[in-house]
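Participant: This is what each chain is made of:
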Amino acid sequence: MEPERPLDALNQARGKRVIVDLKNQKQITGTLKAFDIHINTVLTDAEEHVDGSLKRKVGTVFIRGDTIVLISAQG
Amino acid sequence: MEPERPLDALNQARGKRVIVDLKNQKQITGTLKAFDIHINTVLTDAEEHVDGSLKRKVGTVFIRGDTIVLISAQG
Amino acid sequence: MEPERPLDALNQARGKRVIVDLKNQKQITGTLKAFDIHINTVLTDAEEHVDGSLKRKVGTVFIRGDTIVLISAQG
Amino acid sequence: MEPERPLDALNQARGKRVIVDLKNQKQITGTLKAFDIHINTVLTDAEEHVDGSLKRKVGTVFIRGDTIVLISAQG
Amino acid sequence: MEPERPLDALNQARGKRVIVDLKNQKQITGTLKAFDIHINTVLTDAEEHVDGSLKRKVGTVFIRGDTIVLISAQG
Amino acid sequence: MEPERPLDALNQARGKRVIVDLKNQKQITGTLKAFDIHINTVLTDAEEHVDGSLKRKVGTVFIRGDTIVLISAQG
Amino acid sequence: MEPERPLDALNQARGKRVIVDLKNQKQITGTLKAFDIHINTVLTDAEEHVDGSLKRKVGTVFIRGDTIVLISAQG
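Chains as they are written, first to last, in our numbering: chain A, 15 to 89; chain B, 15 to 89; chain C, 15 to 89; chain D, 15 to 89; chain E, 15 to 89; chain F, 15 to 89; chain G, 15 to 89.
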């Protein structure tokens, strides 16, 4: 059965590696631990990437939903 | 019968290829899988395009609604 | 009788050609098919114009309301 | 009696010529026909001005409230 | 007795000359006539100032609250 | 006992000198008189600082909450 | 047991050193004292960093939630 609601799709990504693109052009990669209806998101084992290169390891990170552009699976 | 409400028109695009124009000038193309009243949107088999050329394949992607400018059919 | 509420005026433009000015400086022209209280708007036979020249034909397009500056009749 | 609420003042401008300053630096002049609590506004016989010079006549125009900086009487 | 809530302080400025600093770097001076909980504000005998010099007299002006940075007394 | 909610911490700063950092890069210093849940804030004996130097004295000032980045004690 | 909701993860960081990345490119480090559902946040023993170097010590600081990009543990 296919997901019908956007948050269902996010839910299927729980526990998997994802890439979060932010409005400030940065990308945060990590394991999707939690999210809410505002798309506030928590990643574990997270890394911050700028222009495709690793900038810092950030461990567990809370990302405020309104700074997020999109969330995709880490290939 | 013609659609009367904007979300009806989006609903008719479910399962079809669409182009999503983002506020950050990028375009995401993919198959429209799901959306909600905030226009949070999920595409499958998605690709990110910048200035008309393919930048990366992103598979299934969750797009936060407030970053979207418009959604049109992929010609 | 004159319109008293802004959405009444939009309603009178249904089925007519309109110009939608976006915050990103682009203009979308098309036939006004639907809108809601957020001013999410659907146009058919739509075209995207940048600096007054046609950039692409977009067919039926869903425009997120918060990206819209103004909507006027196509002269 | 003086107006006590901001929308009362707008109401007194109905049917009169006004100047609407937009966040994108443009000005729209026209006859104030309608507005709502979001300050979505409809002008008739409207003109778009940029840097003080007429850019185009836009007839009846719907302006989304969140793009408006201020509304004043046309002197 | 001192004001305890921010809108109480605004209320004490009714009928007095104020300076309204806008997000677009302009200042509007005038007599504070009305405001609401969104800080939508009406000034009378208002003037627009840019970089400290008078740009135009705007008479009675309605300012949308979300464009306001701060409101202070005109010294 | 330690504050548990952010507004409790603000409440403890009432009547004390604070520095308010704004999104437009300016700082307003003054005595914290009042604030509400939107963080609309009133300062008395306030001063506006740009790049660390005093720009003007603004007396009692109402600051719209959504322009505020942070509020700290004046050292 | 793992956190399921984003605010649970923030709650586990109470009393610990965190780094708060702001939309204006600055970072505030400090001990997480309090936060609410808007992600309004209070840090104690806080410092402001710009481009990785200490700019000022700000003691106890209230940060308005909508200026926050992300919150991570200070390594």
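Note that these hints are calculated values from the structure, not bench results. Errors might be hidden in some of the hints.
Below, a list of computed lysine-lysine pairs in the DSS-like style, where the Cα atoms sit at most 25 Å apart [unchecked claim]: (1) G:Lys40 to A:Lys40; (2) A:Lys40 to B:Lys30; (3) B:Lys40 to C:Lys40; (4) G:Lys71 to F:Lys40; (5) D:Lys40 to E:Lys30; (6) C:Lys30 to D:Lys71; (7) F:Lys71 to F:Lys30; (8) D:Lys37 to C:Lys71; (9) B:Lys69 to A:Lys30; (10) F:Lys69 to F:Lys37; (11) F:Lys71 to F:Lys40; (12) A:Lys71 to G:Lys37; (13) A:Lys30 to A:Lys71; (14) G:Lys69 to F:Lys37; (15) B:Lys71 to A:Lys69; (16) E:Lys40 to F:Lys30; (17) D:Lys37 to D:Lys71; (18) B:Lys37 to G:Lys71; (19) B:Lys69 to A:Lys37; (20) F:Lys30 to E:Lys71; (21) F:Lys37 to G:Lys40.
Quick list of the computed label-pair ranges, beta carbon to beta carbon [as the list claims (entries may be wrong)]: (22) G:Asp50 to D:Asp65: 33 to 39 Å; (23) E:Gly73 to C:Arg19: 24 to 30 Å; (24) C:Ile51 to E:Gln39: 30 to 36 Å; (25) C:Asp65 to F:Lys71: 42 to 48 Å; (26) E:Glu18 to D:Lys69: 46 to 52 Å; (27) E:Gly73 to B:Lys71: 55 to 61 Å; (28) C:Ala87 to F:Lys71: 46 to 52 Å.
The beta carbon of each residue, even a glycine, is placed where N, CA and C say it ideally should be.
Participant: With reference to the structure, classify each hint as holding or not holding.
Facilitator: Against the structure, the hints come out as follows:
1. About 14 Å separates the Cα atoms of Lys40 (chain G) and Lys40 (chain A), which keeps this hinted pair within 25 Å; it holds.
2. With a C-alpha separation of about 30 Å, the suggested pair Lys40 (chain A) and Lys30 (chain B) falls outside the 25 Å cut-off, and the hint is violated.
3. As the CA atoms of Lys40 (chain B) and Lys40 (chain C) are separated by approximately 14 Å, the hinted pair is consistent with the 25 Å bound.
4. In summary, the hint linking Lys71 (chain G) to Lys40 (chain F) is supported, as the alpha carbons are separated by about 18 Å, within the 25 Å threshold.
5. At roughly 30 Å between alpha-carbon atoms, Lys40 (chain D) and Lys30 (chain E) are farther apart than 25 Å, so this suggested pair is violated.
6. Annotation: proposed proximity of Lys30 (chain C) to Lys71 (chain D) holds, straight-line Cα distance about 18 Å (limit 25 Å).
7. Between the alpha carbons of Lys71 (chain F) and Lys30 (chain F) the distance comes to roughly 18 Å, so the proposed pair stays at or under 25 Å and holds.
8. A distance of roughly 28 Å separates the Cα atoms of Lys37 (chain D) and Lys71 (chain C); the hinted pair therefore is violated under the 25 Å criterion.
9. For the proposed pair Lys69 (chain B) and Lys30 (chain A), the alpha carbon gap of about 23 Å is at most 25 Å, so the pair holds.
10. At roughly 17 Å between alpha-carbon atoms, Lys69 (chain F) and Lys37 (chain F) fall within 25 Å of each other, so this suggested pair holds.
11. Taken as a hint, the Lys71 (chain F) and Lys40 (chain F) pair is honoured in the structure, with Cα atoms around 13 Å apart against an allowance of 25 Å.
12. The hinted pair formed by Lys71 (chain A) and Lys37 (chain G) meets the criterion: a straight-line CA distance of about 19 Å does not exceed 25 Å.
13. For the given pair, Lys30 (chain A) sits about 18 Å from Lys71 (chain A) by alpha-carbon distance, which is consistent with the 25 Å threshold.
14. For the suggested pair Lys69 (chain G) and Lys37 (chain F), the alpha carbons sit about 17 Å apart, so the restraint of at most 25 Å is met.
15. With a C-alpha separation of about 23 Å, the suggested pairing of Lys71 (chain B) with Lys69 (chain A) holds against the 25 Å cut-off.
16. Proximity of Lys40 (chain E) to Lys30 (chain F) is assessed by CA-CA distance (about 30 Å); at most 25 Å being required, the pair is judged violated.
17. Between the alpha carbons of Lys37 (chain D) and Lys71 (chain D) the distance comes to roughly 19 Å, so the proposed pair stays at or under 25 Å and holds.
18. At most 25 Å may separate the alpha-carbon atoms for a hinted pair to count; Lys37 (chain B) and Lys71 (chain G) exceed this at roughly 36 Å.
19. Restraint check for Lys69 (chain B) and Lys37 (chain A): the C-alpha separation of about 17 Å stays at or below 25 Å, so the hint holds.
20. The suggested pairing of Lys30 (chain F) with Lys71 (chain E) is violated, with an alpha-carbon distance near 38 Å, which exceeds 25 Å.
21. Taking the CA atoms of Lys37 (chain F) and Lys40 (chain G), the gap is about 12 Å. The hint holds against a cut of 25 Å.
22. Between Asp50 (chain G) and Asp65 (chain D) the beta carbon distance is about 44 Å. The supplied range of 33 to 39 Å is therefore violated.
23. Distance hint for Gly73 (chain E) and Arg19 (chain C): a CB-CB separation of about 26 Å, consistent with the stated range 24 to 30 Å.
24. Between Ile51 (chain C) and Gln39 (chain E) the Cβ separation comes to about 32 Å, which falls inside the hinted range of 30 to 36 Å.
25. Checked against the given bound of 42 to 48 Å, the beta carbons of Asp65 (chain C) and Lys71 (chain F), roughly 46 Å apart, stay inside it.
26. Range check, Glu18 (chain E) to Lys69 (chain D): about 48 Å between beta-carbon atoms, so the 46 to 52 Å window is met.
27. One distance hint, 55 to 61 Å for the beta-carbon pair Gly73 (chain E) and Lys71 (chain B), holds here, with the actual separation near 58 Å.
28. Separated by about 51 Å at the C-beta atoms, Ala87 (chain C) and Lys71 (chain F) satisfy the suggested range of 46 to 52 Å.
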